[in-house]
Amino acid sequence: MAKIFLTGASGYIGGDLLYLLAQSHPEYTVRALNRDPAKGEAINKAFNGVQLVDGTLDDADLISQEAEDADVVLHLAANKHLSSVEAIHRGLQAKLKNNRTPFWVQVSGASGLAAAEIADKSRVPGTPSDAVYNDLEGIDSIWSLIKQHPFREVDNYILSVATNTPTIKTALILPPIIYGQGRGPVNQRSVQIPELAKATLERQRGLQVGPGLSRWGNIHIRDLSQLLLRLVENAVEGNGDSNVWGQNGLYLTSSGELSFGDISKRIAAAAFRIGLVPNKEIDELNGQQADELLPHGAVLLHQKIISEEMRFIIYGDP
1 MAKIFLTGAS GYIGGDLLYL LAQSHPEYTV RALNRDPAKG EAINKAFNGV QLVDGTLDDA
61 DLISQEAEDA DVVLHLAANK HLSSVEAIHR GLQAKLKNNR TPFWVQVSGA SGLAAAEIAD
121 KSRVPGTPSD AVYNDLEGID SIWSLIKQHP FREVDNYILS VATNTPTIKT ALILPPIIYG
181 QGRGPVNQRS VQIPELAKAT LERQRGLQVG PGLSRWGNIH IRDLSQLLLR LVENAVEGNG
241 DSNVWGQNGL YLTSSGELSF GDISKRIAAA AFRIGLVPNK EIDELNGQQA DELLPHGAVL
301 LHQKIISEEM RFIIYGDP
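Okay, so the sequence shown: first residue is 1 according to the UniProt record's numbering, each after it adds one.
By construction, these hints were calculated from the structure, which means they are not laboratory data.
We put the CB at the ideal spot given by N, CA and C, even for glycine.
Just so you know, not all the hints are guaranteed correct.
What the hints assert, rightly or not - Lysine-lysine pairs mimicking BS3-like chemistry, simulated, CA-CA at most 27 Å apart:
(1) Lys280 <-> Lys265
(2) Lys80 <-> Lys198
(3) Lys198 <-> Lys280
(4) Lys45 <-> Lys3
(5) Lys39 <-> Lys80
Claimed, not checked - Simulated restraints, written as ranges between beta carbons of each label pair:
(6) Glu284 <-> Ser242: 43 to 53 Å
(7) Val191 <-> Glu284: 16 to 26 Å
(8) Asn279 <-> Ala78: 38 to 48 Å
(9) Asp241 <-> Arg266: 34 to 44 Å
(10) Thr165 <-> Asp283: 46 to 56 Å
(11) Thr167 <-> Arg222: 29 to 39 Å
Go ahead and model the full structure; you've got the sequences and the hints to work with.
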(Lines of atoms letter the chains of each structure in order from A and count residues from 1; the text may use other names and numbers.)
(Lines give C-alpha, C1' and ligand atoms only; values in the text may rest on other atoms or scores of the structure.)
Protein backbone atom coordinates (compact mmCIF):
# COMPACT_ATOMS: atom_id res chain seq x y z
CA MET A 1 0.00 0.00 0.00
CA ALA A 2 1.42 3.37 -1.02
CA LYS A 3 2.24 5.81 1.76
CA ILE A 4 2.06 9.56 1.14
CA PHE A 5 3.47 12.23 3.46
CA LEU A 6 1.90 15.63 2.86
CA THR A 7 2.38 19.09 4.34
CA GLY A 8 -0.12 21.91 3.89
CA ALA A 9 -3.23 19.76 4.38
CA SER A 10 -5.22 22.72 5.68
CA GLY A 11 -4.10 24.97 2.83
CA TYR A 12 -5.72 25.81 -0.49
CA ILE A 13 -3.58 23.47 -2.61
CA GLY A 14 -3.10 20.73 -0.03
CA GLY A 15 -6.76 20.57 0.92
CA ASP A 16 -7.94 20.27 -2.67
CA LEU A 17 -5.38 17.58 -3.40
CA LEU A 18 -6.43 15.66 -0.28
CA TYR A 19 -9.98 15.66 -1.62
CA LEU A 20 -8.84 14.32 -4.98
CA LEU A 21 -6.60 11.68 -3.40
CA ALA A 22 -9.47 10.50 -1.20
CA GLN A 23 -11.78 10.26 -4.22
CA SER A 24 -9.27 8.67 -6.60
CA HIS A 25 -7.15 6.48 -4.35
CA PRO A 26 -8.75 5.62 -1.02
CA GLU A 27 -6.26 2.75 -0.83
CA TYR A 28 -3.36 5.16 -0.31
CA THR A 29 -2.18 5.80 3.23
CA VAL A 30 -1.95 9.57 3.59
CA ARG A 31 -0.12 11.08 6.55
CA ALA A 32 -0.53 14.84 6.91
CA LEU A 33 1.50 17.21 9.06
CA ASN A 34 -0.78 19.31 11.25
CA ARG A 35 -0.08 21.91 13.94
CA ASP A 36 -3.58 23.24 14.67
CA PRO A 37 -6.00 20.93 16.54
CA ALA A 38 -9.08 22.74 15.20
CA LYS A 39 -7.89 22.41 11.61
CA GLY A 40 -6.92 18.81 12.29
CA GLU A 41 -10.45 18.10 13.47
CA ALA A 42 -11.84 19.60 10.25
CA ILE A 43 -9.45 17.49 8.16
CA ASN A 44 -10.41 14.30 10.02
CA LYS A 45 -14.10 15.09 9.65
CA ALA A 46 -13.75 15.59 5.89
CA PHE A 47 -11.27 12.76 5.26
CA ASN A 48 -11.42 10.20 8.03
CA GLY A 49 -8.78 8.08 6.36
CA VAL A 50 -6.07 10.72 6.70
CA GLN A 51 -3.56 10.08 9.48
CA LEU A 52 -2.60 13.35 11.17
CA VAL A 53 1.00 13.89 12.26
CA ASP A 54 1.12 16.44 15.07
CA GLY A 55 3.96 18.87 14.48
CA THR A 56 5.21 21.94 12.67
CA LEU A 57 7.61 22.67 9.84
CA ASP A 58 10.27 23.34 12.45
CA ASP A 59 10.15 19.76 13.75
CA ALA A 60 13.07 18.64 11.61
CA ASP A 61 13.55 15.14 13.04
CA LEU A 62 9.85 14.36 12.73
CA ILE A 63 9.73 15.54 9.13
CA SER A 64 12.88 13.59 8.23
CA GLN A 65 11.42 10.38 9.66
CA GLU A 66 8.09 10.84 7.89
CA ALA A 67 9.90 11.52 4.61
CA GLU A 68 12.03 8.42 5.03
CA ASP A 69 8.98 6.24 5.69
CA ALA A 70 6.89 7.59 2.80
CA ASP A 71 6.78 6.47 -0.82
CA VAL A 72 5.97 10.02 -1.95
CA VAL A 73 6.55 13.35 -0.19
CA LEU A 74 4.34 16.31 -1.10
CA HIS A 75 5.67 19.54 0.42
CA LEU A 76 2.82 21.97 -0.18
CA ALA A 77 2.92 24.05 2.99
CA ALA A 78 5.57 26.70 2.32
CA ASN A 79 7.95 27.71 -0.44
CA LYS A 80 10.38 29.68 1.74
CA HIS A 81 10.87 27.35 4.70
CA LEU A 82 14.32 26.03 3.89
CA SER A 83 14.89 24.03 7.07
CA SER A 84 11.86 21.81 6.38
CA VAL A 85 13.13 21.25 2.85
CA GLU A 86 16.52 20.24 4.24
CA ALA A 87 14.79 17.91 6.70
CA ILE A 88 12.90 16.20 3.88
CA HIS A 89 16.14 15.79 1.97
CA ARG A 90 17.84 14.12 4.94
CA GLY A 91 14.96 11.69 5.26
CA LEU A 92 15.06 10.83 1.57
CA GLN A 93 18.83 10.32 1.69
CA ALA A 94 18.29 7.80 4.49
CA LYS A 95 15.66 6.12 2.33
CA LEU A 96 18.22 5.74 -0.46
CA LYS A 97 20.47 3.74 1.84
CA ASN A 98 17.73 1.13 2.05
CA ASN A 99 17.66 0.88 -1.76
CA ARG A 100 14.25 2.54 -2.05
CA THR A 101 13.63 5.24 -4.66
CA PRO A 102 12.37 8.48 -3.08
CA PHE A 103 9.87 10.77 -4.85
CA TRP A 104 9.50 14.40 -3.81
CA VAL A 105 7.02 16.99 -5.10
CA GLN A 106 7.76 20.55 -3.99
CA VAL A 107 5.40 23.46 -4.61
CA SER A 108 6.94 26.92 -5.01
CA GLY A 109 5.64 29.92 -6.95
CA ALA A 110 5.96 31.41 -10.43
CA SER A 111 6.88 34.82 -9.00
CA GLY A 112 10.47 33.58 -9.15
CA LEU A 113 10.32 34.07 -12.91
CA ALA A 114 9.84 37.78 -12.29
CA ALA A 115 12.92 38.11 -10.08
CA ALA A 116 14.89 40.14 -12.63
CA GLU A 117 12.01 42.52 -13.23
CA ILE A 118 11.38 42.93 -9.51
CA ALA A 119 15.01 43.97 -9.12
CA ASP A 120 14.75 46.48 -11.99
CA LYS A 121 13.97 49.78 -10.27
CA SER A 122 13.43 51.52 -13.61
CA ARG A 123 10.53 49.29 -14.55
CA VAL A 124 7.06 50.81 -14.35
CA PRO A 125 4.62 48.48 -12.51
CA GLY A 126 1.65 47.44 -14.60
CA THR A 127 3.51 47.52 -17.91
CA PRO A 128 4.05 44.36 -19.97
CA SER A 129 7.26 42.43 -20.52
CA ASP A 130 8.59 40.47 -23.49
CA ALA A 131 9.71 37.53 -21.33
CA VAL A 132 8.45 34.10 -22.42
CA TYR A 133 9.01 30.90 -20.42
CA ASN A 134 8.37 27.39 -21.73
CA ASP A 135 8.82 24.52 -19.28
CA LEU A 136 9.56 21.98 -22.02
CA GLU A 137 11.61 23.63 -24.73
CA GLY A 138 12.99 26.34 -22.46
CA ILE A 139 13.52 24.48 -19.21
CA ASP A 140 17.28 25.11 -19.14
CA SER A 141 16.73 28.86 -19.32
CA ILE A 142 14.27 28.68 -16.40
CA TRP A 143 16.76 26.80 -14.23
CA SER A 144 19.43 29.29 -15.27
CA LEU A 145 17.21 32.17 -14.19
CA ILE A 146 16.56 30.52 -10.82
CA LYS A 147 20.30 30.04 -10.26
CA GLN A 148 20.88 33.74 -10.88
CA HIS A 149 18.74 34.56 -7.85
CA PRO A 150 20.07 32.74 -4.77
CA PHE A 151 17.34 34.25 -2.57
CA ARG A 152 15.05 31.67 -4.19
CA GLU A 153 16.53 29.24 -1.70
CA VAL A 154 14.01 26.42 -1.97
CA ASP A 155 13.97 26.45 -5.78
CA ASN A 156 17.77 26.37 -5.87
CA TYR A 157 17.86 23.61 -3.29
CA ILE A 158 15.57 21.42 -5.38
CA LEU A 159 17.72 22.12 -8.45
CA SER A 160 20.79 21.06 -6.47
CA VAL A 161 19.13 17.80 -5.44
CA ALA A 162 17.96 17.12 -9.00
CA THR A 163 21.47 17.76 -10.33
CA ASN A 164 23.64 16.12 -7.68
CA THR A 165 21.36 13.32 -6.44
CA PRO A 166 19.25 12.26 -9.43
CA THR A 167 18.30 9.05 -7.63
CA ILE A 168 16.01 11.25 -5.52
CA LYS A 169 13.19 11.97 -7.95
CA THR A 170 12.11 15.59 -7.59
CA ALA A 171 9.39 17.69 -9.20
CA LEU A 172 9.23 21.46 -8.68
CA ILE A 173 5.81 23.04 -9.23
CA LEU A 174 5.65 26.78 -9.97
CA PRO A 175 1.97 27.75 -10.10
CA PRO A 176 0.95 31.21 -11.35
CA ILE A 177 -2.38 32.68 -10.18
CA ILE A 178 -4.62 29.90 -8.91
CA TYR A 179 -8.37 30.44 -8.96
CA GLY A 180 -11.55 28.55 -8.17
CA GLN A 181 -13.08 27.24 -4.96
CA GLY A 182 -10.98 24.58 -3.32
CA ARG A 183 -12.51 21.34 -2.07
CA GLY A 184 -10.49 21.13 1.13
CA PRO A 185 -12.08 21.54 4.58
CA VAL A 186 -10.21 24.69 5.69
CA ASN A 187 -8.79 27.19 3.19
CA GLN A 188 -10.80 27.14 -0.03
CA ARG A 189 -9.46 30.17 -1.86
CA SER A 190 -6.27 31.68 -3.19
CA VAL A 191 -4.80 35.12 -2.47
CA GLN A 192 -4.41 37.45 -5.44
CA ILE A 193 -7.89 37.70 -6.96
CA PRO A 194 -9.81 37.54 -3.64
CA GLU A 195 -7.54 40.27 -2.24
CA LEU A 196 -8.14 42.40 -5.33
CA ALA A 197 -11.89 41.93 -4.85
CA LYS A 198 -11.58 42.82 -1.16
CA ALA A 199 -9.65 46.01 -1.96
CA THR A 200 -12.28 46.95 -4.54
CA LEU A 201 -15.08 46.61 -2.00
CA GLU A 202 -13.17 48.49 0.69
CA ARG A 203 -12.34 51.39 -1.64
CA GLN A 204 -15.73 51.25 -3.39
CA ARG A 205 -13.87 51.54 -6.69
CA GLY A 206 -11.98 49.19 -8.96
CA LEU A 207 -8.20 49.41 -9.09
CA GLN A 208 -5.32 48.33 -11.26
CA VAL A 209 -1.54 48.69 -11.11
CA GLY A 210 -0.31 51.26 -13.62
CA PRO A 211 -1.95 50.90 -17.05
CA GLY A 212 -3.15 47.39 -16.13
CA LEU A 213 -1.30 45.73 -19.00
CA SER A 214 0.69 43.33 -16.85
CA ARG A 215 -0.32 39.74 -17.52
CA TRP A 216 0.11 36.55 -15.56
CA GLY A 217 -0.64 32.92 -16.16
CA ASN A 218 -3.51 31.25 -14.34
CA ILE A 219 -4.79 27.79 -13.50
CA HIS A 220 -7.92 26.44 -11.84
CA ILE A 221 -7.22 24.71 -8.53
CA ARG A 222 -8.76 21.47 -9.83
CA ASP A 223 -6.41 21.39 -12.82
CA LEU A 224 -3.44 21.91 -10.52
CA SER A 225 -4.61 19.05 -8.33
CA GLN A 226 -4.91 16.82 -11.40
CA LEU A 227 -1.25 17.47 -12.20
CA LEU A 228 -0.21 16.69 -8.63
CA LEU A 229 -2.32 13.52 -8.68
CA ARG A 230 -0.67 12.34 -11.91
CA LEU A 231 2.76 12.89 -10.38
CA VAL A 232 1.76 10.92 -7.28
CA GLU A 233 0.44 8.09 -9.44
CA ASN A 234 3.68 8.05 -11.45
CA ALA A 235 5.65 7.84 -8.22
CA VAL A 236 3.51 5.07 -6.73
CA GLU A 237 3.98 3.07 -9.92
CA GLY A 238 7.75 3.53 -9.54
CA ASN A 239 7.96 5.51 -12.76
CA GLY A 240 11.16 7.49 -12.34
CA ASP A 241 11.23 8.67 -15.96
CA SER A 242 13.83 11.43 -16.31
CA ASN A 243 11.41 13.30 -18.59
CA VAL A 244 9.07 13.66 -15.61
CA TRP A 245 11.42 14.03 -12.66
CA GLY A 246 14.73 15.64 -11.81
CA GLN A 247 16.14 18.35 -14.04
CA ASN A 248 13.17 17.93 -16.39
CA GLY A 249 10.71 17.90 -13.51
CA LEU A 250 9.81 21.59 -13.50
CA TYR A 251 6.18 22.56 -14.08
CA LEU A 252 4.89 26.09 -14.67
CA THR A 253 1.26 24.86 -14.61
CA SER A 254 -0.28 27.74 -16.56
CA SER A 255 -3.41 26.97 -18.58
CA GLY A 256 -4.14 30.53 -19.70
CA GLU A 257 -3.33 34.17 -19.06
CA LEU A 258 -5.18 37.42 -18.47
CA SER A 259 -4.18 41.03 -17.87
CA PHE A 260 -4.75 42.47 -14.44
CA GLY A 261 -6.62 45.32 -16.05
CA ASP A 262 -9.13 42.80 -17.42
CA ILE A 263 -9.40 41.08 -14.04
CA SER A 264 -9.99 44.43 -12.31
CA LYS A 265 -12.73 45.33 -14.79
CA ARG A 266 -14.48 42.00 -14.28
CA ILE A 267 -14.37 42.37 -10.50
CA ALA A 268 -15.67 45.95 -10.60
CA ALA A 269 -18.44 45.01 -13.05
CA ALA A 270 -19.54 42.05 -10.92
CA ALA A 271 -19.52 44.16 -7.74
CA PHE A 272 -21.53 46.90 -9.46
CA ARG A 273 -24.02 44.41 -10.87
CA ILE A 274 -24.98 43.18 -7.39
CA GLY A 275 -24.93 46.63 -5.84
CA LEU A 276 -21.73 46.42 -3.80
CA VAL A 277 -20.03 49.43 -5.45
CA PRO A 278 -21.60 52.58 -6.94
CA ASN A 279 -19.93 52.35 -10.37
CA LYS A 280 -17.57 50.31 -12.55
CA GLU A 281 -14.76 52.86 -12.69
CA ILE A 282 -11.14 51.73 -12.30
CA ASP A 283 -8.45 53.75 -10.52
CA GLU A 284 -4.85 53.51 -11.70
CA LEU A 285 -2.42 53.09 -8.79
CA ASN A 286 1.35 53.34 -8.71
CA GLY A 287 3.54 50.58 -7.30
CA GLN A 288 3.73 51.97 -3.77
CA GLN A 289 -0.03 52.46 -3.56
CA ALA A 290 -0.63 48.94 -4.85
CA ASP A 291 1.74 47.43 -2.28
CA GLU A 292 -0.15 49.21 0.50
CA LEU A 293 -3.44 47.66 -0.61
CA LEU A 294 -2.48 44.24 -1.94
CA PRO A 295 0.12 41.63 -0.98
CA HIS A 296 2.99 42.35 -3.41
CA GLY A 297 0.60 44.41 -5.51
CA ALA A 298 3.33 46.01 -7.62
CA VAL A 299 4.78 42.61 -8.45
CA LEU A 300 1.85 41.56 -10.63
CA LEU A 301 4.12 41.48 -13.63
CA HIS A 302 3.80 40.13 -17.14
CA GLN A 303 5.34 36.78 -17.91
CA LYS A 304 4.12 34.69 -20.81
CA ILE A 305 4.16 31.16 -19.47
CA ILE A 306 3.81 28.08 -21.65
CA SER A 307 3.29 24.89 -19.66
CA GLU A 308 3.81 21.99 -22.04
CA GLU A 309 5.10 19.71 -19.27
CA MET A 310 1.75 19.84 -17.47
CA ARG A 311 -0.18 18.97 -20.62
CA PHE A 312 2.16 16.05 -21.25
CA ILE A 313 1.74 14.63 -17.74
CA ILE A 314 -2.05 15.00 -17.63
CA TYR A 315 -2.99 14.26 -21.22
CA GLY A 316 0.06 12.47 -22.64
CA ASP A 317 0.17 15.10 -25.39
CA PRO A 318 3.68 16.53 -25.85
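Hints and how they fare:
no.	hint	verdict
1	Lys280 <-> Lys265	holds (7 Å)
2	Lys80 <-> Lys198	holds (26 Å)
3	Lys198 <-> Lys280	holds (15 Å)
4	Lys45 <-> Lys3	holds (20 Å)
5	Lys39 <-> Lys80	holds (22 Å)
6	Glu284 <-> Ser242: 43 to 53 Å	holds (47 Å)
7	Val191 <-> Glu284: 16 to 26 Å	holds (22 Å)
8	Asn279 <-> Ala78: 38 to 48 Å	holds (40 Å)
9	Asp241 <-> Arg266: 34 to 44 Å	holds (40 Å)
10	Thr165 <-> Asp283: 46 to 56 Å	holds (50 Å)
11	Thr167 <-> Arg222: 29 to 39 Å	holds (32 Å)
Checked against the numbered hints above, the structure violates none of them.
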